[in-house]
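Chemist: Dock chain B against chain A, hints included.
There are 2 protein chains.
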Amino acid sequence: MKNDLFLRALKGETVERPPVWMMRQAGRYLPEFMEIKKKYDFFTRCQTPELASEITVQPIRRYGMDAAILFSDILVIPQAMNITVEMKPNFGPFLPSPVRTQADVDRVVIPDVHHELDYVMQAIKVTKEKLNDEIPLIGFAGSPWTILCYCVQGQGSKNFDKAKEFCFTQPMAAHQLLQKITDTTIAYLKAKVAAGVNAVQVFDSWGGMLSPSDYQEFSFQYIQQIIDALKDHAPVIVFGKGCWFALGDMAKSGASALGVDWTCSAPNARYLSGGQITLQGNFDPSRLLSPPEEIKKMVTQMINAFGKDKYIVNLGHGILPNIPVENAKAFIDAVKEYGI
Amino acid sequence: MKNDLFLRALKGETVERPPVWMMRQAGRYLPEFMEIKKKYDFFTRCQTPELASEITVQPIRRYGMDAAILFSDILVIPQAMNITVEMKPNFGPFLPSPVRTQADVDRVVIPDVHHELDYVMQAIKVTKEKLNDEIPLIGFAGSPWTILCYCVQGQGSKNFDKAKEFCFTQPMAAHQLLQKITDTTIAYLKAKVAAGVNAVQVFDSWGGMLSPSDYQEFSFQYIQQIIDALKDHAPVIVFGKGCWFALGDMAKSGASALGVDWTCSAPNARYLSGGQITLQGNFDPSRLLSPPEEIKKMVTQMINAFGKDKYIVNLGHGILPNIPVENAKAFIDAVKEYGI
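As they're listed, the protein sequences go chains A and B.
Residue numbering for the first sequence follows the numbering used here, beginning at 151 and increasing consecutively.
Residue numbering for the second sequence follows the numbering used here, beginning at 151 and increasing consecutively.
Among these hints, one or two may not hold up.
A pair counts as met if it fits within one copy or between any two copies, since identical chains are not told apart.
In silico DSS-like links for lysine-lysine, alpha-carbon gap of 27 Å or less [what the hints assert, rightly or not]: (1) LYS280 x LYS152; (2) LYS189 x LYS278; (3) LYS187 x LYS312; (4) LYS458 x LYS446; (5) LYS308 x LYS238; (6) LYS312 x LYS446.
Source of the hints: derived by calculation from the structure; they are not laboratory data.
Chain A extracted, bound-state conformation (with noise of 0.2 Å):
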């Protein structure tokens, strides 16, 4: 890997410079992912390896990032286990048919994922040939718990209230379904680590709605399995958004390292995760509108509090569709000039 910077990282390893990426780097910002939306729907895009790969390194060419995250989506999952999955325009994602009891856990599969998501390994290995071992190759997943929260909602949601009815109502129910997905999920991940991602992130995108006990309950125990499951394989990036208060069980948990969220400033970061493990994160997504020079100096004070060693600079959440290019590009470029 002639770009190793992002591997060292999540090793612990000391570095010139933090590496840096952006969640949702491939996305809606950038114009010449919205000349191939344009011409082809969502499921399209992920499942064609050549528009997934093209897709996954047009922002790389663009900025240069240490890394690439493979173009998919988190609800590749429950389509490939006989959920049905829509993307509505200006909507989202729609499942027609949530699932909201026993009998709809029943009929939920657990797929043969080298058969069923054979286009996410293809993509992956068409994806490595344009790195050309450039820079390494990240592969996610959803969280169980937040793969459950769209499954039963059927939609995004501001509080996923019908998820949460359905754990606390339902828990038999709900505990087998994380399990189906979970298993399923793992699965997939080592999959994709044949195939030839050099990194996974579990994302628990909603992990934050839940109260301490009852993330470990319907969520961590999942994410933990998925970990014991996989670090031999390849480094594991776990993400919860809003979880601050999980953070130590996550330090200890064999994860490599662990995404914050801008509210959860660096110090307190560092202090809830032990002081030992590499973080990821955690500037505001809203903040890149603000001028670029604004946002140079926020990615220096950034790195300051976390530190070089042991951090991954990237957002606290996924890229806005309305963030300038220019603005993008004094993001990645504070970080190659930091320390210069």
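Modeler: Okay, now just chain B, sitting in the frame of chain A:
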């Protein structure tokens, strides 16, 4: 005051058991509220003292909480400031002319609250008569940041991206708007105290969208102004949803109590707030969907974790419309039975 448990807890005094009330306790989960809702639209209910007071005392009659909170809405403030606010059924607040420019901010008026919001003061007087000094009455307002969120976004949102964009690209205009809201809110809450409320609560529902430094700049400095102006008139409770990171500053602000949500455990909340100030919260509203016996067990555990003193039992956010009345009863009863 016949039952002064709530006021004593706000003073940090030793009590037989902690007081209890629920955010949005006068609301859609109550069949008697739905009867009134069928007949009168939202603003009629807010602006008719007889209706607002009736709605306020409904949950007290049914459950006997230790405090009442005046039925109203945080958006009566922007409405009084010359910003049109509509309440759309099945959608929520809608502001057809959101504040997006300096010129928009210039048009925002600091009203004479005694005139524009006289209906609130009348509602307080009628409610106080109905309560007959049995229990205290709480008045409330949104935090300036949370009010700005609606004024700029124009509706509810998952991330209030337009509100944040406004603050980060036009900070001077944003601060002018925040100061106008703050001045109005201070006059409003002082008038409420003069009309008879026994304590005030500031709801910073969307403070948790901001990083700790942006929280200081765009939210907390204005809340501090409100506390400074009100604390000698009535006890002030500050509730910032998702604002665990600000509990330390809040504890030094002169507020009498701090609200916490369910993501912040009792030990974390006591630690972060320095262990001396009264705390209020933090039952996950969705957990009221659990069976009543389980609710009672969890409430007892929660009181044990916070300790019975310097503590006000509440939810960690407003009660949900789909909570069965017997489950709300289990929540209140568990507190009343505590230690017996």
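Chemist: Against each hint, give a clear statement of whether it holds in the structure.
Modeler: Here is what the structure says about each hint:
1. LYS280 x LYS152: within (14 Å within a copy, 76 Å between copies)
2. LYS189 x LYS278: within (24 Å within a copy, 64 Å between copies)
3. LYS187 x LYS312: Between. Shortest inter-copy distance 24 Å satisfies the 27 Å Cα cut-off; intra-copy 31 Å does not.
4. LYS458 x LYS446: Within one copy only: 16 Å inside a chain, 48 Å across chains, cut-off 27 Å.
5. LYS308 x LYS238: both (18 Å within a copy, 18 Å between copies)
6. LYS312 x LYS446: between (41 Å within a copy, 22 Å between copies)
Figure legend: structure checked against the earlier numbered hints; every hint is met.
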